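Participant: Using the hints provided, position chain B relative to the given structure of chain A.
Here is what each chain is made of, one letter per residue.
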Amino acid sequence: MNGIPYAREYKVTLCHVCSYVCPEDAHECPRCDSPVHRRKPNSLTRTWAFLIAGLIFYIPANLLPVMYTTMLGSSSENTIMSGVIEFAEGGSWDIAILIFIASVVVPCIKFLVLGLMLVTCQRRSTWAMRERSRLFRFIELIGYWSMLDVLVVALVAALVQFRGLSTIEPRLGILFFGLVVVMTMLAAMTFDPRLIWDAEVEDVR
Amino acid sequence: MNSATPTPMTDIPHRQAHASEQPPAVAETQSRADQWIICEHCDSVYESIPLNKGEAAYCLRCAAILRRNHRLTVEQLLALSIAACILFIFANVFPVISISMQGLHNEVTLWGSVQALAQGQITLIALVAGLAIILAPALQIALLFWVLAHAHRGQIAPGFKMCMRTLEHLRPWSMLEVCLLGILVAIVKLAGMLDVHPGAGLWAMAMLMVLILLIAGKDIRRLWDELGVRPE
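Protein chains in written order, with UniProt numbering: chain A, 1 to 205; chain B, 1 to 232.
This is chain A alone, in the form it adopts within the complex:
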């Protein structure tokens, strides 16, 4: 496209752990002994697998309660969305928006963007490659902020333990939500952004 050479043309490969320029036929980085691949092995298949696992876990994560609250005799169960709505109705719009972004918007963006990456790479699309590269780096950056809700539930449940007066316990939903975050992080890690640019050239294995 703009004439910058690819590593493949010089028969070299980048070590992702120590940035060493390895010879193309190396299986291990000569400097740090990590496995080296020209492209992450089975990147598309593995990313699909983690992405679909994440999507499946996302359903119970939203349907099951994440928190069980007992307050002076009355008890209630909260899902992620009902927690957000409770904040919004209580007047703390800022916190409601923050939690909504971290637990709903971020995972959904990750699903959509990773899906887009996988489909466009499989179709060997040359559409907006630079922008897709940026988009991928963006979701890599924001991905782990979804852990916010898990940590909030952990802190709150550890604090509010007044037997007889008020207790808060974590519930199964938070496990699935945490797994969604882990799965989408693994999906982003197994996706090889170099595949975006391979559409310009013939197959690299």
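Because the hints were derived from the structure by calculation, they are not lab data. Bear in mind that the values here come from a model prediction, so they are computed numbers and not experimental data. Virtual Cβ for every residue (Gly too), placed ideally from N, Cα, C. Each hint can be trusted.
Here chain B is said to cover these stretches of chain A; the calculated rule only asks that three of the stretch's residues, wherever they fall, bring their Cβ under 8 Å from a Cβ of chain B:
no.: 1; segment: 15–27
no.: 2; segment: 82–96
no.: 3; segment: 141–148
no.: 4; segment: 171–178
Facilitator: Frame of chain A; chain B shown alone:
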């Protein structure tokens, strides 16, 4: 980041290759390869050029950061990792939040919040949380201290390769900044129904988060070159 001037790198290898119309010989490639930078996001090759303080080099093809010039010396990194070690102990020993309600009092440490998740079916998520807010930062600090303390004396630490590889794999799982935001959200959440006081651990956490961002970034890879670790 301050003054991130895009420094386009020359594509000398490209021009040489085209001039000769022959791919370079493997031996020759390897000797010159030490001067090359490969973009990890698109596999473009650039010839490395020295950067000034605070400058960063960007990939011309995909706009990713190729390299940033480090502002901190090995001594400074070592000092910061010692500070991080002390702050880590404070952040874990002192409670991060304490609450009171009708004469009753309770407080929580980081470990306490991980334990709260370790109930029955959901224990798995306690492991993830424990890794993210306690184990990963602790290992990062310990390993950094180990390699930096030796690098300071110009030595390659025993187990250097393993330490550096572990640091690379730990980085995405260290989530102190998320934890800090979580503590703040929890404070606001509970403030509606009872008295909440931020604990000493919270301040230690806040400072620790900044230090981890400074010392545990990709920047640490430069130790490979600076210590002259050669491939066998």
